[in-house]
Amino acid sequence: MSQSNIPKLEDLPCLPRPGLIDAWQELFGRPPPKKTSREILTHTIAWEIQARRHGGLKPKVQRRLERLAKALKAGQMSPDPIPRFRPGTRLVREWQGEAHRVTVLEDGFEYRDTRYASLSKIAREITGTRWSGPAFFGLRKTSPGSKEVNHAN
585 MSQSNIPKLE DLPCLPRPGL IDAWQELFGR PPPKKTSREI LTHTIAWEIQ ARRHGGLKPK
645 VQRRLERLAK ALKAGQMSPD PIPRFRPGTR LVREWQGEAH RVTVLEDGFE YRDTRYASLS
705 KIAREITGTR WSGPAFFGLR KTSPGSKEVN HAN
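In our numbering, each number is its position in the sequence shown, counted from 1, plus 584.
Take these hints with a grain of salt, some might be off.
[Said to hold, decoys possible] Below are the DSSO-like pairs computed for lysine-lysine, each with C-alpha atoms no more than 30 angstroms apart in a straight line:
hint, residue 1, residue 2
1, K654, K619
2, K654, K642
3, K705, K654
4, K644, K705
5, K619, K657
6, K654, K618
7, K619, K592
[To be verified] Derived CB-CB ranges, DEER-like:
hint, residue 1, residue 2, range
8, S621, E682, 45 to 53 angstroms
9, Q609, R685, 50 to 58 angstroms
10, R670, R614, 34 to 42 angstroms
11, Q634, R674, 31 to 39 angstroms
12, L641, R601, 23 to 31 angstroms
13, Q609, R648, 23 to 31 angstroms
14, A701, P602, 48 to 56 angstroms
15, F612, L652, 40 to 48 angstroms
16, G712, K619, 46 to 54 angstroms
17, L652, G672, 21 to 29 angstroms
Calculated directly from the structure, the hints in this document are not laboratory data. The C-beta atom is built at its ideal place from N, Cα and C for all residues, glycine as well.
Starting from the given sequences, assemble the full structure and let the hints guide the process.
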């Protein structure tokens with residue numbers, strides 16, 4: 585399939601699987617991974633066609649994705665990361681009868697007028713023991729006791 589034979593977006597849903605595989609090969613220079621579903625083939629091809637037409641991801645986003653992929657591959661992060669909150673979001677956790685409020689910053693968190701790089705450090709400050717910060721603040725299913733999450737407007 586030549587560059588001029590890359591299918592139109594509107595034709596992708598009706599294209600037979602061999603046609604999708606040919607389009608993938610043309611766009612990416614290699615065959616798709618084995619057992620890739622038709623849905624993934626179609627969506628990935630559609631995204632690539634549009635990215636080529638409109639410019640794709642911004643460089644900052646591309647670099648962030650590359651860093652995340654590298655960290656995931658190196659085992660430095662979970663494939664199910666904690667939710668990302670906008671700066672200004674407040675996390676509230678009641679611990680031993682006291683409400684502890686944490687504000688999400690652009691580059692970390694603030695608790696009692698001190699900046700922290702991670703929620704785990706704040707959880708340790710509050711409890712005196714090692715905790716998963718996301719679990720302590722109720723951002724993972726394993727945590728009891730997170731009272732509320734207030735999102736900044």
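If any of the earlier hints don't hold here, list their numbers in rising order. 15
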